[in-house]
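Generate coordinates for the entire structure from the input sequences, incorporating the hints supplied.
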Amino acid sequence: MNEQVEQFEIDAQLRDLARTTPQGAGFAVEARLLAAYRHHHQRRRLNRWLYLESAALLSIAALALLVFWRPPIRELRPTLPAASEAPPVIASAPSFVDSAVVPSVQRQPVRRRKKSYSHSSTPERFNDFDGFIPLPYAASGVPMGQPIIVRMNLPMSEFGPAGAAVLPNSSSQHLAADFLIGQDGVARAVRFPEQ
Amino acid sequence: MQYLTRLATSEDNPSDFELLQLSARGDEEAFTTLYRRHQGAIFRFALHMSGRSDIAEEITQEVFLVVIRDADAFREERGTLEGFLIGIARNKIRRHLEGLRSGQTNLEDPTIARELSSPSNPYMDLARTRETDVLRAAILSLPARYREVTVLCDLEERTYEDAAMLLGCALGTVRSRLHRARKLLSARLRKLVNREGCAV
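Chains as they are written, first to last, in our numbering: chain A, 1 to 195; chain B, 1 to 200.
Hints listed in this document are in silico derivations from the structure and should not be mistaken for laboratory results.
Please note: incorrect hints may appear among the correct ones.
[Said to hold, decoys possible] A short, non-exhaustive set of chain B residues, derived as facing chain A with CB atoms under 10 Å:
no.	residue
1	ILE42
2	HIS48
3	GLU57
4	ILE68
5	MET165
6	SER176
[What the hints assert, rightly or not] Cut-off 25 Å, straight-line C-alpha distance, at most; resulting in silico cross-link-like pairs (SDA-like, lysine to any residue):
no.	chain 1	residue 1	chain 2	residue 2
7	B	LYS92	A	ASN2
8	B	LYS191	A	ARG15
9	B	LYS183	B	ALA144
10	B	LYS92	A	ALA35
11	B	LYS191	A	ALA35
12	B	LYS92	A	LEU34
13	B	LYS183	A	THR20
14	B	LYS92	B	TYR160
15	B	LYS92	A	ASP11
16	B	LYS92	A	PHE27
17	B	LYS191	A	ASP16
18	B	LYS92	B	ASP70
19	B	LYS92	A	ARG32
20	B	LYS183	A	GLN13
21	B	LYS183	A	PHE8
22	B	LYS191	A	GLN13
23	B	LYS92	A	HIS39
24	B	LYS183	A	GLU9
25	B	LYS183	A	ASN2
26	B	LYS191	A	ASP11
27	B	LYS191	A	LEU135
28	B	LYS92	B	GLN61
29	B	LYS183	A	ARG15
30	B	LYS191	B	ALA144
31	B	LYS191	A	GLU6
32	B	LYS183	A	GLU3
33	B	LYS183	A	VAL5
34	B	LYS92	A	ALA18
35	B	LYS191	A	VAL5
36	B	LYS92	B	ARG37
Quick caveat: nothing in here was measured; it's all calculated off a predicted structure.
Just so you know, even glycine gets a beta-carbon here, dropped at the ideal spot from N, CA and C.
Take a look at the structure:
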């Protein structure tokens, strides 16, 4: 019974306490929170603006690159190697080829420079490719690389497709010719030795 | 302005979630409405739990700062916004009480109520009677889990279901905790009254 009375009194006091409790935080809290809210969203807006600006600048840069940039055009014309290019190597000729020769090879005078550490892997260099006539079908676009010269003994009739005028009665005769063959295995030019 | 337009065009009483979304997008009026709708409950809960209005204000402010900075943390499918806010407040109060404990503040001491009755403390200014002081000291001396249910069910007059939802526990747990809390409260009141020599 006493417990019930006690509990009743406690309940009444709890209600009093609830009634007398302040109902909310002061206005200062609201003011501080609103200031924090404004500051937070101003910063967010600024960040968003900076982000958009960066994105726009990047887009403009990408567009300019697309419009003004041109890829390097590769030279498709077949060109005989210049003297400064890599020298042709002497190859062993296949069985049907008479021999692999290096025509008109001249040894370049060796100029020794002080403190020069560059060296060539091949001691012999061709100074020119005089007398070679480019073949009409040799425009493959593949760089010549390190060409080789092979000497072949072919019937005269074989030179007709290459553009040579062949007399009818001489088509069975054989003729020695030097072929300049690129790294891709395609004959690029032909030369007829003097003999 | 955005909020006013929304009010005029769609709903007169937007939900908490709608207000939160508008607030996250930068609608200050939506945030103000949200704050005014929930600050009272958060403040009173923090006040009853801590016993000090300055701490309660600080906790209220911290809770709404979370709303400002991390509104996305609230998931509508997990519960109500009020439950979410009370949850944040509970964590902050718990941390605060741990700090008090390490700072050797004795909440069981009934003199704390009188100390808190300083003119600068509006909470205690309103509690004029000695019995209320003793009762408040007794509530503050309860363990946090019992104090929470006492505050929500007895002082805030919420239903057990509401309290269970806000505290994130089962209905039976709320009932048993409240029963135990009342027993403890009665015993502590008796002890305090005997010590103070005043009748409750």
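Measure nothing beyond the straight line between the CA atoms of LYS191(B) and LEU135(A); if it is 25 Å or shorter, mark the hint as holding.
118 Å, violated
Hint check: LYS191(B) vs ASP11(A), CA-CA at most 25 Å. Holds or violated?
18 Å, holds
Holds or violated: LYS92(B) with TYR160(B), Cα cutoff 25 Å?
Within the cut-off at roughly 23 Å; holds.
ILE42(B) as an interface hint toward chain A, with CB separation required under 10 Å
ILE42(B) check passes; min Cβ-Cβ to chain A is 8 Å, inside 10 Å.
Tell me if the straight-line CA distance from LYS92(B) to GLN61(B) falls inside 25 Å.
It holds: about 11 Å lies between the C-alpha atoms, which stays within 25 Å.
Holds or violated: LYS92(B) to PHE27(A), with C-alpha atoms at most 25 Å apart
Roughly 21 Å between the alpha carbons, so the hint for LYS92(B) and PHE27(A) holds.
Does HIS39(A) sit within 25 Å of LYS92(B), going by the straight-line distance between their CA atoms?
23 Å, holds
Could you grab the alpha-carbon distance between LYS191(B) and GLN13(A) and see if it respects the 25 Å cut-off?
17 Å, holds
Interface hint for HIS48(B), Cβ within 10 Å of any Cβ on chain A:
7 Å, holds
Given hint THR20(A) paired with LYS183(B) - CA-CA distance at most 25 Å
24 Å, holds
Has the given pair, LYS92(B) with ASP70(B), been kept, meaning a C-alpha gap of at most 25 Å?
16 Å, holds
Given the hinted pair LYS92(B) and ARG32(A), is their Cα-Cα distance within 25 Å?
19 Å, holds
Checked against the numbered hints given earlier, this structure breaks hints 5, 6, 7, 11, 15, 27; the rest are met.
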